[in-house]
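Protein sequences, first through last, are from chains A and B.
The numbering used here applies: residue 33 is where the first sequence begins, and numbers increase by one.
The numbering used here applies: residue 33 is where the second sequence begins, and numbers increase by one.
Derived from the structure by calculation, the hints contain no laboratory data.
Take these hints with a grain of salt, some might be off.
[Claimed, not checked] Simulated crosslink set (DSS-like; lysine-lysine; CA at most 27 angstroms straight-line):
hint, chain 1, residue 1, chain 2, residue 2
1, B, Lys294, A, Lys63
2, A, Lys294, B, Lys284
3, A, Lys354, A, Lys63
4, B, Lys294, B, Lys281
5, B, Lys80, B, Lys284
6, A, Lys80, A, Lys284
The primary structure of each chain is shown beneath.
2 protein chains.
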Amino acid sequence: MSASGEAVVEAVAARRELVNASVSEYLPIDKPERLYRASRHLLDAGGKRLRPAVTLLVAEALTDTEPLGADYQSFPTLDASGPDEIDLMAAAVSIETIQSFTLIHDDIMDEDDLRRGVPSVHSAFDTETAILAGDTLYAKAFEFMLATGAPPERTVRALSELARTCTRICEGQSLDVAFEHRDDVTTDEYITMVEQKTAVLYAAAARVPAILLGADDETTEALRQYGLDIGRAFQIRDDVLDLTVPSEKLGKQRGSDLVEGKRTAVTLHAAEHGVDLDDLVVSETPAEVTEAEIDAAVAELDAAGSIEYARTLSRDLVESGKSHLEVLPDNEARRLLAGLAEYLIERGY
Amino acid sequence: MSASGEAVVEAVAARRELVNASVSEYLPIDKPERLYRASRHLLDAGGKRLRPAVTLLVAEALTDTEPLGADYQSFPTLDASGPDEIDLMAAAVSIETIQSFTLIHDDIMDEDDLRRGVPSVHSAFDTETAILAGDTLYAKAFEFMLATGAPPERTVRALSELARTCTRICEGQSLDVAFEHRDDVTTDEYITMVEQKTAVLYAAAARVPAILLGADDETTEALRQYGLDIGRAFQIRDDVLDLTVPSEKLGKQRGSDLVEGKRTAVTLHAAEHGVDLDDLVVSETPAEVTEAEIDAAVAELDAAGSIEYARTLSRDLVESGKSHLEVLPDNEARRLLAGLAEYLIERGY
Chain A
33 MSASGEAVVE AVAARRELVN ASVSEYLPID KPERLYRASR HLLDAGGKRL
83 RPAVTLLVAE ALTDTEPLGA DYQSFPTLDA SGPDEIDLMA AAVSIETIQS
133 FTLIHDDIMD EDDLRRGVPS VHSAFDTETA ILAGDTLYAK AFEFMLATGA
183 PPERTVRALS ELARTCTRIC EGQSLDVAFE HRDDVTTDEY ITMVEQKTAV
233 LYAAAARVPA ILLGADDETT EALRQYGLDI GRAFQIRDDV LDLTVPSEKL
283 GKQRGSDLVE GKRTAVTLHA AEHGVDLDDL VVSETPAEVT EAEIDAAVAE
333 LDAAGSIEYA RTLSRDLVES GKSHLEVLPD NEARRLLAGL AEYLIERGY
Chain B
33 MSASGEAVVE AVAARRELVN ASVSEYLPID KPERLYRASR HLLDAGGKRL
83 RPAVTLLVAE ALTDTEPLGA DYQSFPTLDA SGPDEIDLMA AAVSIETIQS
133 FTLIHDDIMD EDDLRRGVPS VHSAFDTETA ILAGDTLYAK AFEFMLATGA
183 PPERTVRALS ELARTCTRIC EGQSLDVAFE HRDDVTTDEY ITMVEQKTAV
233 LYAAAARVPA ILLGADDETT EALRQYGLDI GRAFQIRDDV LDLTVPSEKL
283 GKQRGSDLVE GKRTAVTLHA AEHGVDLDDL VVSETPAEVT EAEIDAAVAE
333 LDAAGSIEYA RTLSRDLVES GKSHLEVLPD NEARRLLAGL AEYLIERGY
């Protein structure tokens, strides 16, 4: 059974507040001040904190502690061989710090001036500072993951997961950039890219707490699969929302992926089923495109079954993700993790 | 006693070949190929490999093995409690990988088109790829440091050293950028910046092998000091060489630091002793400056005692660095480390 959407939203919000307080604590505005202000810029601008919420909920579920009853600085180890104080909040902040570093560098690469409703770091500061802020967060994420107090063998495994995750995120981003210059990308290649660019960090968010708490291999592997599945579902759902959610709710022009010629699960399926993507939208910037033009393009994608394909794909991934949660004790935190998987594809934006 | 300059050059060259072979092995041209080619671009373009040479020589000195007699994949641990196969080459490649990542990102920030006689990564590829290549090497450096086979407690300490080193390099680079916009930088601030931007990686190169091999705290701390001293000496010597080495030997216009208004140990000392830096060189680009103009500026700096100041400072730092080597067994590798310290300030370019 999954927790209701409302319960998930509340659970994520409650943990978000704790994560935000910890970000301020772990990442104070040190000297050089400009560098640290730039490093904190996006972290302070908001964000749902879904990944650290996954980390904390997995810890709660594994240790069978009451949600939010746990002190995130002192989770009990699972096998009684380790210390009784493993600081899962340090791991959660580490994961969010990696996410923030990738957003800062991605915004430079994509020349995006806005993020979370505020100027991106390179816009608010400058490109030099943005590159350095990302590099600083990168190192800090490893420092935080070294500060959980877990036994060294587990810390080494968690760091190994973190390093390999970062490598794969870079590989995924590199594929994403390369796909912009290719006309023959397949849906399979796209899903691989999404897995590397987005899903691996969800996988790390779910797996790392299991490693640090001393869970067995079956459990850590199942949690990795949960993260991979919901991460892919999340991105593919984003592709659909870009087409179906009104612009004012989306916070940007609906269909901007189409206008920008971005390949998505929807458009790649359509291309494989005879739709000519170059003819879908003629306008070349989100500013000049009309709602009627987007409506016509969405109708064509709908007729090709491509929107339904992406919806079904993300739904299947969420079901698969939830099935992996069976390794966890049957408790409220597990129900929230299942609910969170559903929330990722049921959210309106 | 220090090894002769000739012996040091030979020792570094012999280890460089082994490091280069290991770089190819640890960092194959994987997929996405463009990303990995960009990641390897500077590593393949050469470089002295001074930092990994320090790492390997410290390992040889500590374990009292004959220089180059050691198999870098299987160094013996010092205290007999650990395994007999600690791969110091993985650590050496990790340090060099960090160095390469910082060069790639620094070149983007400084808009430098050339590095080691080849186009910088963002020139040979593009800025997006260069950011990602740096980010990939960053993660790989942690992966390599996780692959030495050292006991987990030591691996955790080595990774902690690596992460904190990266944070400090970013802080140092941030100070360097900030100094370009300030007229009141002091020599003390400059030396702090050099320590963070450059010297900490030498410190890590010297300290990490001691940690991994299980040396005591006195030894690891002395080696850290050795690295800090020679790293600072290296940079301050570079500041002098920019003024005194003929352009054709330097590979760039002599005095380009002056033309570009870069603050150095020499110019900051001069400013503190009444020299007006703005009047030193009128030409604004290395292309338009004349040898006569540089000669006049150098004469003024010389008259202020600033060149002698920087020479003495780097010499004192090398002497200090060498004194810290007394914690090591008296062997050939230790003499090479002392000789390497002297080489850093005696090299012609």
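If any of the earlier hints don't hold here, list their numbers in rising order. 2, 3
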